[in-house]
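Novice: Listed below, chain by chain, are the residues.
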Amino acid sequence: MFNQIPFQDPVMFKNAFLSSPTAVGSYSPSAECINLKAKAGSYEEDPRKRTTDPIVTGTSVLAIKYEGGVMMAADTLASYGSLARYRNVQRIRTISNNTLIGAGGEYSDFQEIMLTLDDLVRQDENANDGHHLQPKEFFSYLTRVMYNRRNKFDPLFNQLVLAGVSKVRDPVAPNTSTTQVFLGQVDYNGTYFEDNTIATGYGAYIARPLLRKAYKPKMTEKEARDVLEDCMRVMYYRDARALNRVQFARVGVRREEGGSGELVLDIAEPIELKTEWRHTEKALGYPKPTDDSSG
Amino acid sequence: MASIGTGYDLSSTTYSPDGRIFQVEYAHKAVENSGTAIALRVKDGVVFAVEKIVVSKMLEPTSNRRIHTVDSHIGMAISGLVADGRQLVNRGRSEATQYRDFYGIPITGKVLAERISNFIQVYTLYGVVRPFGCAVLVGCVDKKGPQLYMVDPSGSCYGYYGCAIGKGTRAAKTELEKLDLANMTAREAVKQAARIIYSVHDDVKDKSFVLELSWVCEETKNLHQFVPDELKAAAEEEAKAAKDREESGGD
Chain W
0 MFNQIPFQDP VMFKNAFLSS PTAVGSYSPS AECINLKAKA GSYEEDPRKR
50 TTDPIVTGTS VLAIKYEGGV MMAADTLASY GSLARYRNVQ RIRTISNNTL
100 IGAGGEYSDF QEIMLTLDDL VRQDENANDG HHLQPKEFFS YLTRVMYNRR
150 NKFDPLFNQL VLAGVSKVRD PVAPNTSTTQ VFLGQVDYNG TYFEDNTIAT
200 GYGAYIARPL LRKAYKPKMT EKEARDVLED CMRVMYYRDA RALNRVQFAR
250 VGVRREEGGS GELVLDIAEP IELKTEWRHT EKALGYPKPT DDSSG
Chain R
0 MASIGTGYDL SSTTYSPDGR IFQVEYAHKA VENSGTAIAL RVKDGVVFAV
50 EKIVVSKMLE PTSNRRIHTV DSHIGMAISG LVADGRQLVN RGRSEATQYR
100 DFYGIPITGK VLAERISNFI QVYTLYGVVR PFGCAVLVGC VDKKGPQLYM
150 VDPSGSCYGY YGCAIGKGTR AAKTELEKLD LANMTAREAV KQAARIIYSV
200 HDDVKDKSFV LELSWVCEET KNLHQFVPDE LKAAAEEEAK AAKDREESGG
250 D
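Taken in order, these protein sequences are the chains called W and R. Numbers 0 to 294, taken from numbering that gives the first Met the number 0, label the letters of the first sequence in order. Numbers 0 to 250, taken from numbering that gives the first Met the number 0, label the letters of the second sequence in order.
None of these hints come from the bench; they were simulated from the model. Check each hint, because a few of them may be wrong.
Straight line, CA to CA, 30 Å or less: simulated DSSO-like cross-link-like pairs of lysine-lysine [as the list claims (entries may be wrong)]: (1) R:Lys42 / R:Lys143; (2) W:Lys135 / R:Lys220; (3) R:Lys220 / W:Lys166; (4) W:Lys217 / W:Lys166; (5) R:Lys109 / R:Lys190; (6) R:Lys206 / R:Lys172; (7) W:Lys212 / W:Lys166; (8) R:Lys231 / W:Lys166; (9) R:Lys220 / R:Lys231.
The following block holds chain W by itself, in its conformation from the complex (with noise of 0.2 Å):
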């Protein structure tokens, strides 16, 4: 249609462009604000359409880089508001053989993404022309997903974490590769952005200072798993809504002595975290009296 307007005529082409279907809050050519009102019975306008408030929820998802690989942590639980009510759930999953993704936040959204994200995976597989997705490139995916579903009004209540690593040709020295690790968050909003460390939901406030002050470059498969361990505990203290069965799950490529590296991805089976709520000297701050029985 637009192409039949002249496009000199900055008039004919105004009146074509409001006259066709455009989204609410949306920009007219003169970078005017238009439909500001969204149609009735529209899903933008209908909460009956689309979705507005989280029901059954997943918390926070932790994730730190070590060298070769990425190492991720959520708990299994989706909660309903206060309720603790799905005690063993995987928040953390694969995509491929070499992308792993944390979600939190509405747990049948995670769902929906899933299907979203197999789909994709078997598209790529069928293709069969030697390529396959890389943990970029699903990221970038995902981002496009959110954004235009926050732009209709009708998004999908997650926060993403994405982690994978990629085997990317040494463009100087044919033959040789070098593993790139991605680490990287979606919103809700579509905000993304990728970091060595990743903290959402609660876990943006309370874990991320502890995984900034422990990242250092090149550190350990073991070092991430402690500071993951340490941080996910303090997570289960001090979140009201996040529980003590955890999930570590891992990325990356287990380098031989002089050897290619071995690509690793998995996600181990949940374990009880212990924690300590004894009112402890440590605790406290100060010494409590011996005599005393009371603890």
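Please arrange chain R on chain W, whose structure you already have, making use of the hints.
Specialist: Chain R in isolation, oriented as in the chain W frame:
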């Protein structure tokens, strides 16, 4: 080809007096003139082998694939007009995706084969379109075990233990009937499939060919994949040796 059906062969909407639809039969000819494709349904899986006739040395060997994956556990091998076959593969893929969306489980081989055959059959009803000039072999492993179906340009679909389509069909079928497919493993079937393709390949009429080998079996965790390079190389060597023996023995 001599035109046997003069007058009754101009459109798929016309029957001949002896009840044939010539356009569909001509479509079968397109399949018969194309490189052979065979499939073997064995104890633990299905193996596909296609004789991909190479018309020019400039062609990159892995391009113009004749075997495709539908969903993740189903293989489709094409014989005939490859472009028509690609349409069928795409249709199969979208049927599989829709089925997954609707039922929440991967599509079964029988259902997919039936969907494809119904799709092909529609193109034999109207004069405004032409029938598909290709036949496909559909094989998978699902909860009923390994399955193999063949759908031809008329849209008829049958289940097979071993099937061949394309120019070497007659010779290939004879070879397949000699095999004990029910008790064979997929690994063994890969070697047999390669051997059969090499033996039915006509060196005189067609110059060189590229062998495409794929399988879906227990070893691949019921995913349809191309046979790994080492196994393929071993199978081809044995096939070439068997052909040489046959030729020198026959003289």
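Novice: Work down the list of hints and note, for each, if the structure agrees.
Specialist: Results for each hint:
1. Under the criterion of a C-alpha separation no larger than 30 Å, the hint pairing R:Lys42 with R:Lys143 is consistent with the structure, at around 12 Å.
2. Restraint check: the Cα-Cα separation between W:Lys135 and R:Lys220 comes to about 28 Å, which is no more than 30 Å; the hinted pair holds.
3. Between R:Lys220 and W:Lys166 the CA atoms are separated by roughly 25 Å; this keeps the pair inside 30 Å, and the hint holds.
4. For a cut-off of 30 Å, the pair hint linking W:Lys217 to W:Lys166 stands: about 18 Å separates their Cα positions.
5. With a C-alpha separation of about 26 Å, the suggested pairing of R:Lys109 with R:Lys190 holds against the 30 Å cut-off.
6. Taking the CA atoms of R:Lys206 and R:Lys172, the gap is about 22 Å. The hint holds against a cut of 30 Å.
7. A distance of roughly 29 Å separates the Cα atoms of W:Lys212 and W:Lys166; the hinted pair therefore holds under the 30 Å criterion.
8. Proposed proximity of R:Lys231 and W:Lys166 is supported: the alpha carbons are some 26 Å apart, at most 30 Å.
9. Taking the CA atoms of R:Lys220 and R:Lys231, the gap is about 18 Å. The hint holds against a cut of 30 Å.
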